[in-house]
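Undergrad: The chain contents come next:
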Amino acid sequence: MSAARLVRVLGVLTAGALAAAAVALFVGSAGLAPGRVVGVLLGQGSDAEALVILGLRLPRIGAALLAGGALAVAGAGFQALTRNPLADPSILGVSGGAALAVVLAQLLGFGSSLVAVLGVATFAFGGALGAALLVYAIAARDGQLPLQTLLLAGVIVGLFFSAAITVVISVVELDRLAGVIHWMLGNLTALSGDALGVFLLLLGAGVWLIVGRARQLNVLALGEEPALQLGVEAERVKRRVFVGASLLTALVVAFAGPIGFVGLIVPHAVRLVLGADNRLLLPASLVAGATFLLVADTIARNIIAPAEMPVGVITAVCGAPFFVYLLRSRA
Amino acid sequence: MVVRLVGAVILLVAEAAQAFTVRDMRAQEVVLAGRPERIVSLVPSVTEDLFAVGGEDRLVGVTDFCDWPPAARDKPRVGGMVGPNLETIVALRPDLVIATDEGNSQSTFDQLARLGVPVYVVRARRLEQAIEVLDRMGELTGRTAAVAPLVERLRARVRRVVEAVRSHGRRRVLYVLWADPIIVPGRDGLVTELVTLAGGISVTAGASGAYPRLGLEAVVALNPDVIVLARHGGDQTPVLRATWERLAALPAIRAGRVHAVDGSILHRYGPRVVDGLEALARIIHPEARF
Amino acid sequence: MEFAYPGVRGAGPLRFRLGALTFDIAAGEILGVVGPNSAGKTTLIRLLSKVVAPLRGEIRLRGQPLAGLSRAEVARDVAVVPQMTPDALPVTVAEAVLLGRYPHGSGRFFESPADRAVSREAMAATGVLDLASVPVARLSGGERQRVVLARALCQEPQLLVLDEPTTHLDFRHQGELVGLVRRLQRRAGLTALIVSHDLNLAAEVADRILLLNDGRIERLGPPDAVLEEATLSRVYGCPVVVDKHPASRRPAIHLVWPEAPDRGSRA
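Protein chains in written order, with my numbering: chain U, 1 to 331; chain Z, 1 to 290; chain B, 1 to 267.
In case anyone wonders, no lab produced these hints; they're calculated from the structure.
Cβ-Cβ distance ranges computed for the label pairs, FRET-style:
| id | chain 1 | residue 1 | chain 2 | residue 2 | range |
| --- | --- | --- | --- | --- | --- |
| 1 | Z | Ala249 | U | Asp194 | 53 to 61 Å |
| 2 | B | Glu229 | U | Val155 | 49 to 57 Å |
| 3 | U | Ala15 | B | His168 | 41 to 49 Å |
| 4 | U | Ala15 | B | Glu58 | 55 to 63 Å |
| 5 | U | Asp194 | Z | Glu245 | 52 to 60 Å |
Selected chain Z positions facing chain U (in silico; Cβ < 7 Å):
| id | residue |
| --- | --- |
| 6 | Gly83 |
| 7 | Asn85 |
| 8 | Leu86 |
| 9 | Ala91 |
| 10 | Arg93 |
| 11 | Gly103 |
| 12 | Ser105 |
| 13 | Ser107 |
| 14 | Leu115 |
Note that the Cβ used here is the ideal one computed from N, Cα and C, for glycine as well.
Let the hints inform the model, and build the full structure from the sequences given.
TA: Here it is, written out as structure tokens:
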């Protein structure tokens with residue numbers, strides 16, 4: 001594992017991501033011929049065509065790349081933190097908190113000034129962070145974060161929020177219900193330039209928090225006591241990775257709703273091919289996750305055109321069989 | 001309403017000189033370059049209204065649920081009400097999208113705003129508002145001349161129904177929109193008002209919201225005289241056995257005072273809502289003549 | 001190097017019960033730490049490596065309070081070879097050993113060429129160099145023990161602490177380990193502290209023995225002096241017999257097994 005290898009692998013993966021993005025730019029419900037797409041990119045093309053390519057497809061591709069990368073790194077981070085291969089951003093109750101916040105925001109309805117000013121995304125973000133804080137508060141003891149307790153706390157908090165969401169759904173007005181359920185299936189939308197900027201910034205922060213401790217996570221894999229004996233400040237590392245992974249999860253749920261499986265599958269797939277060194281695994285998961293979600297979303301918005309399938313369906317359809325394969329090949 | 005008609009006329013006259021600016025039902029200004037020529041409707045009721053006023057040649061896109069009149073099914077589809085396909089909408093080059101905040105999603109509004117596509121929002125929880133929507137569709141498509149007699153005919157039919165049932169007393173009516181869970185019209189539901197106009201008292205009029213869900217016990221306790229079950233999926237489909245079996249505990253069911261009605265005309269607020277009113281009146285007061 | 005722990009006799013829910021301890025280890029010496037279960041041997045290791053902090057009092061290593069040192073600084077001085085390795089780690093031997101270089105560059109993301117050189121030497125010294133690219137999961141217990149030892153050596157410690165090093169090893173591998181530790185002591189001047197409940201191992205390998213009992217130092221001195229029958233029988237609470245190992249002439253401790261069958265009636 002060396003800097004040279006990291007650069008090489010990331011280079012290959014990034015090329016893959018760019019290729020996927022290029023393809024995604026050419027396919028869509030508007031049925032534009034490839035020549036027209038190129039035309040738009042060169043600055044020609046009609047207003048409507050430019051709107052489709054530059055106003056819809058390109059931002060959506062950006063959102064998919066950012067969300068996929070965030071989920072994959074969060075998943076890999078949670079897996080390294082808890083030393084549990086089944087950890088996934090949703091297992092720690094974080095996306096449940098965001099979902100409840102969004103459902104409540106939808107209940108208040110747009111037009112309610114608070115929701116209008118803050119936007120649904122802010123609500124979701126707040127809900128997710130609230131859930132993360134709750135999990136942390138439950139699990140932390142004497143400044144330490146015992147992993148068993150963390151996992152249990154996460155599961156419990158997640159269950160609690162699921163129950164709360166069920167209650168809300170059962171009383172929400174009929175005409176709002178469809179909207180709530182639609183959100184809960186996870187949907188990537190073409191985000192505005194500002195939103196993409198915020199997304200990118202916070203993604204960078206979350207990735208820095210986690211990848212910055214990749215070497216320490218490698219040592220932590222030996223167990224907490226051996227890691228302490230090798231000089232790793234285990235508690236600080238755990239806290240930092242927890243914050244980073246929660247931040248990334250909150251971010252994605254805020255902008256795209258709960259999308260499952262990416263954080264679970266992508267790190268495993270990358271590990272199978274590239275090994276378990278977190279210094280390679282984490283950055284590679286970032287790019288691989290971005291590509292994976294982009295491909296899934298491209299399928300989701302084209303397979304039953306003009307209708308759109310929620311991207312979470314595609315990730316689940318890929319994810320479940322892959323996971324079965326993983327389990328069986330290990331056994 | 002008269003004021004609005006006059007206002008629309010003034011606008012029409014002044015139109016040649018200025019951009020076309022209207023206020024939607026949120027009281028927001030919607031600024032267009034001229035009268036809309038390419039309209040996408042995200043609301044089935046609005047689609048019906050547009051056809052009714054004769055403005056369907058300006059309609060370029062509808063939702064998957066816009067199935068009336070039959071000609072609407074030939075218009076290009078843009079997807080569902082909650083998650084319509086934006087690319088498809090944009091590719092139709094609309095100069096106006098008509099939507100409702102009681103069925104379409106905020107995300108759609110945000111995206112359209114970002115893309116610079118004007119959005120006109122309608123709402124209707126009362127019959128009067130339903131007629132207002134029809135009016136506004138006439139205004140938008142420049143068919144105000146056709147709208148006035150249409151509205152007058154609809155109002156006349158409503159008056160006839162109200163007159164005809166007046167002397168026959170009020171019957172207690174339970175309207176069941178859906179049986180599992182039991183969905184009924186509440187205080188804010190359009191159907192509640194229609195039941196009242198049709199000479200009935202909706203036993204669920206006290207429930208809050210537009211279409212709340214009630215438990216079976218609560219419904220039984222209300223003990224209606226007449227039960228109206230909504231049929232979904234077109235005029236002729238029979239109501240599912242399972243639907244009324246669930247309500248078998250009600251005396252009205254046992255006494256056979258159960259009737260079915262086409263759900264799509266009562267749950268939308270297009271011009272057929274008066275057809276729905278008449279259907280309700282015939283059920284509640286079969287002896288009345290109008 | 002001296003270790004001083006003013007000590008706290010805990011009561012109730014406290015897990016650690018160590019009284020005041022002061023002892024020193026000479027450079028190049030092997031100190032064997034023995035004693036009955038819950039005498040405090042594991043706690044000692046944890047305190048030494050700063051895994052736990054004492055509730056009261058202070059630990060000093062070479063005169064410096066441990067509390068004032070960062071974990072990495074401690075790890076450059078003290079390396080622990082734990083008895084259990086998580087065996088599910090999907091790393092190669094080389095990668096596992098390289099982890100031991102962390103305390104010498106905790107700020108760096110990648111290991112330096114110097115790190116790799118030290119790691120290679122450590123693997124050579126413990127005889128696992130030709131296993132460098134083998135996944136750890138495929139190694140035997142003895143080989144894994146040597147990998148963990150190599151990793152500890154990468155820390156370039158002043159003091160190597162071995163925690164029950166022979167617990168899961170068969171005769172041959174026990175012997176190999178003893179040979180390895182002795183070679184390291186001779187050639188590299190390794191200072192080691194070996195915690196073991198195997199008195200015979202301690203007797204064989206250690207230059208001095210620290211006998212812990214109930215959180216206190218019972219005896220500290222050469223094996224012949226410490227490992228004698230009366231003391232051991234008292235501390236362990238059961239009869240033992242001590243004689244001389246036939247080959248090495250070091251003390252050999254034998255437990256007197258209870259309920260011996262009557263020899264005469266077996267005929």
